[in-house]
Structures are given as structure tokens and as C-alpha cells.
Amino acid sequence: MTGAREGREEPGGSDQLYGRLKEFEGRAAATEGIGKDLVNEPMIRHWCEAMGDANPAYTGPEAIAPPTMLQAWTMGGLSGHTDRSQAYEDLFGLLDGAGYTSVVATDCEQEYLRPLRPGDRITFDAVIESVSERKTTKLGTGYFVTTRMDVRAEGEPAGTHRFRILKYTPAAVKRTAPRGGRSLRPRPVINRDNAGFWQGVAEHRLLIQRCGECATLRFPWLPGCNGCGCQEWDTVEASGEGTVFSYVVMHHPPFPAFSTSAEGGPYAVALIELAEGVRMVGNVVGVPYDKVRTGMPVRLEFLRTDPELELPVFRGGEG
Amino acid sequence: MKVGEELAPLEIAVTRTLIVAGAIASRDYQDVHHDAELAREKGSPDIFMNILTTNGLVGRYVTDRFGPSAVLRKVAIRLGVPNYPGDTMVLSGTVTALCDDGTAEVSVVGANGLGRHVTGTVTISVPEGAA
Chain A
9 MTGAREGREE PGGSDQLYGR LKEFEGRAAA TEGIGKDLVN EPMIRHWCEA MGDANPAYTG
69 PEAIAPPTML QAWTMGGLSG HTDRSQAYED LFGLLDGAGY TSVVATDCEQ EYLRPLRPGD
129 RITFDAVIES VSERKTTKLG TGYFVTTRMD VRAEGEPAGT HRFRILKYTP AAVKRTAPRG
189 GRSLRPRPVI NRDNAGFWQG VAEHRLLIQR CGECATLRFP WLPGCNGCGC QEWDTVEASG
249 EGTVFSYVVM HHPPFPAFST SAEGGPYAVA LIELAEGVRM VGNVVGVPYD KVRTGMPVRL
309 EFLRTDPELE LPVFRGGEG
Chain B
72 MKVGEELAPL EIAVTRTLIV AGAIASRDYQ DVHHDAELAR EKGSPDIFMN ILTTNGLVGR
132 YVTDRFGPSA VLRKVAIRLG VPNYPGDTMV LSGTVTALCD DGTAEVSVVG ANGLGRHVTG
192 TVTISVPEGA A
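Those protein sequence lines, which keep their order, are chains A and B.
For the first sequence, this note's numbering gives the first residue as 9, with consecutive numbering after it.
For the second sequence, this note's numbering gives the first residue as 72, with consecutive numbering after it.
I should point out that these hints are in silico values taken from the structure, not numbers from a laboratory.
Think of the CB as a built atom: it goes at the ideal place given N, C-alpha and C, for glycine as much as any other residue.
Among the clues, some could well be false.
Stated by the list, open to error - Reference listing, derived: stretches of chain B covered by chain A, where coverage requires no fewer than 3 residues with Cβ under 8 Å from a Cβ of chain A:
| id | segment |
| --- | --- |
| 1 | 114-122 |
| 2 | 125-138 |
| 3 | 144-158 |
| 4 | 166-174 |
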């Protein structure tokens, strides 16, 4: 849990760590754990106050504990856990040592078999159920570890508690590493079927193909006409006027190259209907991602995204 | 109660006090739930709600809506975006199944300003005639 190890590399392509982590599956995470406190009214009341839970089932002489408190009775608290197994400590040691030092809980599945009442003595056993392959999430890269705990009250089964955490290297740490090396948009694949289009872009002209036989306009560029199959064509230059026909907002995963903010925040991708009738996919600029709307008028312009790449984009929000 | 029935939403103001009170009431002393400075060192913009509090709020939401005679049988949740101080989480729920054994399944979503904080399924028993 000590957070930042600056600029640490991820392990290489073949995930040898995963093989070692996998060996922990099925091993005990805690054996014969004992709740530090008996189930008690003050802790129940403090919980209900925090949650704003006024359920009368949790007060009075017949009170039960809120079932969702199940895990709370097994927590180590400020003085920490004393009942975790060596296997669990070793698994976490392995992950910490490899740079996966942060932890966040992602899933909790509880089944309640018996109500807990003040005075109940809690005992529990837990097993390391599974370790995932290495995953990259918005938070960072790491491994999901799932444990399952059987909780007993006065020796009777009281509930089961499956808990999943992500043990990870924070993405923020890695993000600062390639400073100055701003990520670039992918290069277009230019071939003989679309070379004319990119030639047009270089001249700041958006070219639409027109069938030599039936004069149907088509976009994107294709060798033949969808209407009549004719392979003869010429081009017309788009006026640059269009409207947003449809759009999506890309939130996740973040691609900093496409986003106006370096952090890779959300951005809009729109399907633009050009005044000539064909549609093309592109970015809308000059409008926040959450203000792009279907039917919004847009106008073509060319955006230099980096020294080697210029792209047609559409400016919205005028008029 | 019938399948497809929607529960009235519940708005939760995600205050710094709620986050800290929930963490302590659940005996979770991880610093990211009470110390903003240490949370930032770990790459989080602020402290954030712990999963036990989210679990407690989901349980409260369902028993609030079905009344004190409803008994929680299962609560299964998955977290998405964090609950940071100053946000508001709106819990909403839909009855998704009624089983022969008298239990009902409720699908619950808690959405905040960043997106979905929690999605989950709650199984409850409701005595006949109670809801």
C-alpha cells in the first residue's frame, strides 16, 4: 500500500509472475480467525448512523446487526489483521515486490445464512479463490485477487463473503514517465484505393468519389460503385458544410492522443453528414464533448495533430 | 411487487464526513478513505468511499424501500467509478425476479457525477402481504 515507485517498468511480455501467483489459488488466506469484538449494539448503532439506516430491525431488545455489516466483524481495524495466513502475506509480498503496491476493492458478494445478534462470537476462515491474469484498467495495471470467507457466529454458519481486490501499479505513476513524448494518433493506412483522398487532405480539399457510370457519390473511398459496380470514378470536392448525424462519446479506455486534454479525458466521435449527402466519421472540435448534439451544424477544417499528420475535422457550435 | 417494478430512487450526498464515518464504522482504516494527502500520493485526487460503506448503503436502500420486515439474503456489488467528496450518488433499483421460495431479486445501480459507482443484485425475502 505504499503507492508510488517512480517510472517502474511493467514486467515483460510473457507473464512469469502470473504463474507464481496462480500457485496460491486454493490456499488459505485466514484460518480460524476470530472477530476482535463480539457482535455489539454500539458498533451496530455507529454503522446505522453512518449509513443513515433507520431500520427498526437494528434497534431494541430483538435487534439484529445489519446483514451488510458481515465483513466489518472480521476487520483487523487500526491495529491490523493478526490472523492472515503466511500464504496470503506471501502473495501480497510477491505483488508488492513486483511494483503492484496499490490496492482497491472491486467486488463484494455476500450471502447471509443467519442473523447476527449482540453477543455473538464471530469466527471465520478464508481461502484465496483465484488470481486473474495481468489486467490493465483505468486505475492501472495489476492482478485481481478473489478471496472467499466463511463466517460463523457461535460456531454456526452465518454467512459467506466473496471479496475481489485489484492489486495494481497506479496509472498516474506511469503516465508521468513518458513526459515530453506525447502520444501520437495512429498513422492512416494509405493504399492505391484511398491515396487520392489523402492527397486531397494534403491540399486541404475533402474529396468525395463519384461513379463514372451512375454519378452516385460514395464515401469512404472504394474501388467500385456500390450502386452499379462500375470501377470508373472521378471526384468532387466537398463544400465543407455538414451536420452531426450521430455521435458517441469515448470515455474508456482513455486514448490521450485523441483527447484535447493530455490526461486522455472523454472526446466525441461523430458521424457527419456532408451537404453532398455522404457521411464520414470524424472529431468535432470547438465544442465540449458533452455538448455535441445530433443535427448540430458543423464546418470542415484541417487539424495538424503532429508534424507528420493532418486530418479533416469538423468545427461545431457556430450559428 | 412484480417483475419490472422500479423502486423510488434514493439520493446520497457523498460528504467527506460520510466517507470517513462509513470507513470507521466498518473498521476500515486504509488511509485512502480518510487522508486526502496520502490518497493523492497514491494517484487518487481525493479520499473515496470504501466498498463496505457502498455495500451498507445498497442494503439500506433496498430495506428502506421494502420495509423493515424484508430480510436481506444476498448482496452482490461491483464498483465502477469512485465516490469522491462533494458528489451525489443516486441509487435506483428494479425488481428483476420473483422466486418460488418467496425471495425477490432487485438490480441496483448507484450513479454519481462520474458515472456508475456501483452495480449490484440484492436478494431479499419479503413476508407475504408486506410489500
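Tested hints:
1. Coverage of the segment 114-122 of chain B by chain A holds in this model, with 3 residues showing a Cβ closer than 8 Å to a Cβ of that chain against a need of three.
2. Coverage of the segment 125-138 of chain B by chain A holds in this model, with 8 residues showing a Cβ closer than 8 Å to a Cβ of that chain against a need of three.
3. Restraint check on the segment 144-158 of chain B versus chain A: 7 residues with Cβ-Cβ distances below 8 Å, three needed, restraint holds.
4. Only when three residues or more bring their CB closer than 8 Å to a CB of chain A does the claim for the segment 166-174 of chain B stand; here the count is 0, and the claim is violated.
Violated hint: 4 only; the structure is consistent with all others.
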